[in-house]
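Visitor: One-letter residues, chain by chain:
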Amino acid sequence: MEKSGSVDSLGSKRSSSRQPSVDSLSSTSTSRSDRSAQAKPPFAMSSDSVAASAELSPEFRQVLRDSDKEPQLLPNETVQDYAQDVTYFCPFIGALRGTVIVTNYRLFFRSMDRELPFVLDMPLGVVSRVEKIGSASNRGDVSYGLVCKDIRNLRFAHKQMEDTLRKSIFEVLVKFAFPVSNGLQIFAFEYGQVFPENGWKVYDALSEYKRQGIPNESWRITKVNDHYEVCDTYPSTLAVPVNIPDEELKRVAAFRAKGRMPVLSWIHPESQATVTRCSQPMVGVNGKRSKEDEKYLQAIMDANAQSHKLFIFDARPSVNAAANKMKGGGYESEDAYQNAELVFLDIHNIHVMRESLRKLKDVVYPNIEDSHWLSNLESTHWLEHIKLILAGALRIADKVESGKTSVVVHCSDGWDRTGQLTSLAMLMLDGYYRTIYGFEVLLEKEWLSFGHRFQLRIGHGDKNHTDADRSPVFIQFIDCVWQLTRQFPAAFEFNEYFLVTILDHLYSCLFGTFLCNSEQQRLKEEIPKRTVSVWSYINSQLEEFTNPLYVNYSNHVLFPVVSLRHLELWVGYYIRWNPRMRPQEPVHQRHKELLAKRAELQKRVDELQREVTNRSASSLSEHAGSPTRSITPVQTFV
Amino acid sequence: MFPVKPMKPTFKCYLPPLQTDVKKTIEPPIKKLEPKLLQGEIVVNEVNFVRKCIGAESSQDDLWGKLICTNFKVSFIPSEVPSKQKSYLSHLLLGEHDIPLTCLEQVVTVNDTKGKKKILGSNQKLKFNPTELILYCKDLRIIRFCFRETGPDSAKKVCLAIAHYSHPADLPLLFGFEYQGRRYHESKGQRVNGASPRGGLRTPIFDRPSDWDREIKRTGALEWRVCSINESYAISPSLPEHFVVPVSLADQDLKKHSIYFMNQRIPLWCWNHPNGSALVRMASIGDPLQQRKIDQKIFSAITKSHPQRSEVIKSDLDKCLPNIQDIQSAFTKIRQICVIDPFEESEERWLSSIENTRWLEYVRAFLKHSAEMLYLMEGKNTSVILQEEEDRDLNCVVSSLVQLMLDPHYRSLIGFQSLVQKEWVMAGHRFLDRCNHLKKNDKDESPLFILFLDCVWQMMNQYPAAFEFTEAYLTVLSDSMWIPLFSTFLFNSPKQRAQHLVDFAKNKAIPQGEDQVVYFPPVWDWSQQFSAKDQTLFNNPMYVGKGVACVQNGEVKSFRRTKKMYSSTLRGTPASLRNGLKVGEDSLTRRGSLVSELKPDFSLVRDESPSERFFRDWFSRPADQQSLLIPLLMPSHLALWKLFFLRWVPEACISKGGPITAYHKLSQLVDEIEILQSKLRQYKGPSPGGTPLPSSSGPLSDQRRMYFKASFPPSPPDFLTSSFPFTPMGNLCRRSGYGTPISKFLNGARIWLSTETLANDAL
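Protein sequence lines, in the order shown, are assigned to chains D and C. Be aware that the first sequence starts at 1, since it is given in UniProt numbering, and climbs by one per residue. Be aware that the second sequence starts at 1, since it is given in UniProt numbering, and climbs by one per residue.
One thing to keep in mind: the hints can contain errors.
To be verified - With a straight-line cut-off of 27 Å between C-alpha atoms, the simulated BS3-like cross-links for lysine-lysine are: (1) Lys223(D) <-> Lys597(D); (2) Lys293(C) <-> Lys380(C); (3) Lys597(D) <-> Lys709(C); (4) Lys439(C) <-> Lys116(C); (5) Lys210(D) <-> Lys175(D); (6) Lys210(D) <-> Lys325(D); (7) Lys188(C) <-> Lys533(C); (8) Lys508(C) <-> Lys495(C); (9) Lys506(C) <-> Lys495(C); (10) Lys597(D) <-> Lys684(C); (11) Lys325(D) <-> Lys258(D); (12) Lys603(D) <-> Lys684(C); (13) Lys295(D) <-> Lys309(D); (14) Lys368(C) <-> Lys380(C); (15) Lys333(C) <-> Lys293(C); (16) Lys368(C) <-> Lys361(D); (17) Lys304(C) <-> Lys314(C); (18) Lys114(C) <-> Lys597(D); (19) Lys603(D) <-> Lys709(C); (20) Lys32(C) <-> Lys157(C); (21) Lys439(C) <-> Lys592(D).
As the list claims (entries may be wrong) - Covered stretches of chain C, as calculated for chain D (at least 3 residues, CB under 8 Å): (22) 92-102; (23) 254-263; (24) 628-638; (25) 708-718.
In case anyone wonders, no lab produced these hints; they're calculated from the structure. By construction, the Cβ of each residue, glycine as well, lies at the ideal position given by its N, Cα and C atoms.
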């Protein structure tokens, strides 16, 4: 890469010459406001990458040299096609004519209008579907609609190709937007950026359990799943009650859907009350029982001396839980599990959530209707779902913290709602997870290692946009986290930008973090070896993602108010493409300025103090008392 | 004074004791529960063995004590002083359990065994013995007392007394008159020594030409003059004695024109833009034949006062904004769902319920209209006339909002107070009727001032560094409307105020010529209500301002866009700034930002109106907090003012959370900065200008501007909640578990807390 300086298309101060290319990405996709309109990226394309694209015509080379127009390419990003005279129908500005460039990573549009410089720079990973809309309107124009995963739609048009053999640029785009469907590799495997930090080292299961004090007299680490033989969607390292031998674990696993037996997520440092997670028991219509499973849950309860009860939180509505019996699943009967109390949390399934987000997109994109905003928002039920999830997590946290009672959490398979609940409860209970590193650990642990099926839920590089397995479960979780940060603005080390960045790279396919469905798959695909972790990128520039208002509450448990009175639509994410939705005056920004001011003043005070000390030392007799008054350094809390 | 009931002879007056040694008075309960009385305050009725309901599910947190009705307030004195330390705002004149009678919205008595309830008015009979008393307050509190252990007759009597005394027959019977009379005489000695003029007030009152003169100079309104034709209210009963008019209009012309205006309210100058455009407000002209002629004369006079002779545009607010009844009804509805309906019930369809009240819609409408007026003045360089039938309601809201958006001076504390004084109090907003202090005419009641405060809050919420004061200040200001001790919110017009205060001075033997502001002070002297320390809660640590208001120096300061230390980094468009783009470039790239009403079918954007283009351009640039400020007005930009509407609702209270935790952190930081600055001053010694050294070690604690000091521990103190500095404890409590509050609420109470309570005038 050339040293392209710190100014780039969308990036920021943070783009040191060390990593200029990443900035252009981060900015495109992670814009906090509408950054689709950006001016003047410096000409920064490396000549190598231009040359690498063999099909380039001389004419295009000319275009490329016409500075200011090109995306700054990432390492191993290559231009695949370009087209001039394409119209982009911006829903906010109107029709814009310009050039489109498609690489193996991004779509880049730049308007030709000198009066109206406009840039759209977007990773292809966000594309969910491409539709050819045909030439209905104008003579000979073909238009393409791009439906995106990040709450926006784009529409382009260009003249019908005269040369029928030549492909439209949008057909080329389809190929690279859905590499998996086209036998290509996801870009993350090619992206070769090196960062100072290595994000793959953020999470180590053993050290995280050790941080929690595991193993201890009641809990042990087992290697029973070392080769993913007991459960192929679980991590290899698991924490279980001491007195249950591995052989019995296998029988417990056999009674739980997909072999996902109850294992430890979190243990209270004082009361030893635990959060454990699993999938539904395979009770079926006949009410099958498992002695081992019953004994196992008893062991979980016994591991906590403070309480003689165990709460089982079933995330589903009771009707759904009962319906699962038809498919061999179900829930724990209180007859079989003597000291357990079963609570249904009424959280709906992935299909309901998908539909809710679809409705939300209709309400917020591209424009918000002038009237009925709140009732339209209500009709999407999005915030209601958020509320139920947070309410469930709060009940779990409350049982563990206030009731000192251990809890078992499951839904059907234990990889969607269960992960939402355990990770949110842990976020409320344990201040460690509210730091940047801690949050990364939380995601690595509760989501990635416990087999949230990212590949299926997001559909990376897959053209099958109607796949019923897709669902915004993880987006919903991040939304819940954002709600917590709104209620406790000083309790989290990370800022909103951090959360938006995570969501943007959930789709971008630039990093390997969210690829595959399980730890086993990731190991098989050698993801850590072959891709870069999103945490490498984030941890190399922590300042960008730090909340300056952060106060370490350390041991304080957060009990949010789970009421629509306090839940808000996350406009900074869902409505960010709307240029009217300009971000509000950031408190954070002002805080940073004040910090700088304090530092400057402190410096001046220190200097003066030194001066005074020197002066008074040299002329002690003249100025007897006055300037030597001791200045105690101001306490620094930040 | 209050003629109906025989007064008790316990006639005790002493200075309000300020939180004196609580520990000493832990005596056996019941014995002597003495109310803290103000000068002139007398106990009218009292009853022992009353339970104040605190918890919903059980009575274990309830307080036992004595319920007292005085000629000023309803007071409850718990027999046991709770050990819990006070951590919230404490009022110097009102105790934690006190409610001024003027603050009572509705007095409801209940007999739950007979299933009866009655809303008590003045001089009414009560045919049953009440077992409970519920007080609905105008500051949105709901307080409930239980009389199970009380003698039935005495319970009845105290209820009747409260109902009666909260319906004063006449304005001078409001307690403020008694109180200020006594206070005047008792504090005379202190005042003579070292008294500053106007009671040390820094807020201009606009009752004298010099206040207007300064405003003319400050805004550079050269072609405008102070006019005193209304001296002794000779022309109009609702205009102030002095106001500002175009130079080209002679007193005689004005007198001549005045007869055509409703209430003779001729055009009043409000404010001048640095570009010369003026903001003017006036009443409508009754006679349609005369209207054109008069309009023309006014227009041409205003045009003549414009340096560029720009045209004048008139905006008829009655035609484009909700009327006072609409606003009242919206407020009633939003109060209903925020504080009266059971929490869980309103939770169910919260968003659409809020929408159905139309409150936020109205807030948005006023902000939007004001922004359009701003565009005319700032963008089109035209003068604007706000016209409303009476020029006493909607005009107050819009004129003050336009000025807040255009002139940073009004975003300082003193500036804001002077704005309220100028556009509300002196302009003759009918506070007495709109607040319905005498509870005589519900039809005239309308929370216009609260609507205005909500609009201010919306701007504050969007631009947290632009205002010198905080939302706590706005809330406290709204509460002050219900404390009848200050002259600000008691009268319908300056004339009414003057007349009442002259009579008052006569009755109380206050020497003629004494300044009314001194003997009946406005609310702006906050030391009447709060300690210096508590007043620091009004200071916004994020404020980027000039500090002292310009008026003080009598200087004319232009507030044209100037580069401020922070301005360039404050805007929330980090991308452009980080890219180091010039403002011009940036604005180009952001073209189209305000285009609205686009169909999702990708159709082409319709043509932009010039005002949209203007806003869009403005939004595309970083905002200078010390310049004009335009609120963002997409429906999704407006929020419910939670501190105001939800502060008393225990279920909505976030413990150790809410925006206050950010305030806490910033406040500590700014305090550190101020300590450092004062140290620097010490090092530098006396400045060449001759300002004396500040005190020896840092600012004195009472000079420090921040509520949370740097020396506090950094983690938010336990008492911080989203309701801070208020506390929902002691308000009608509906306990919540898990934040998902119990659906069973107040078993019996549900009947009378149901929706019809406030609307229903049941017998």
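Visitor: For this structure, which hints from the list above don't hold up?
Guide: 1, 5, 6, 15, 18, 21, 22, 23
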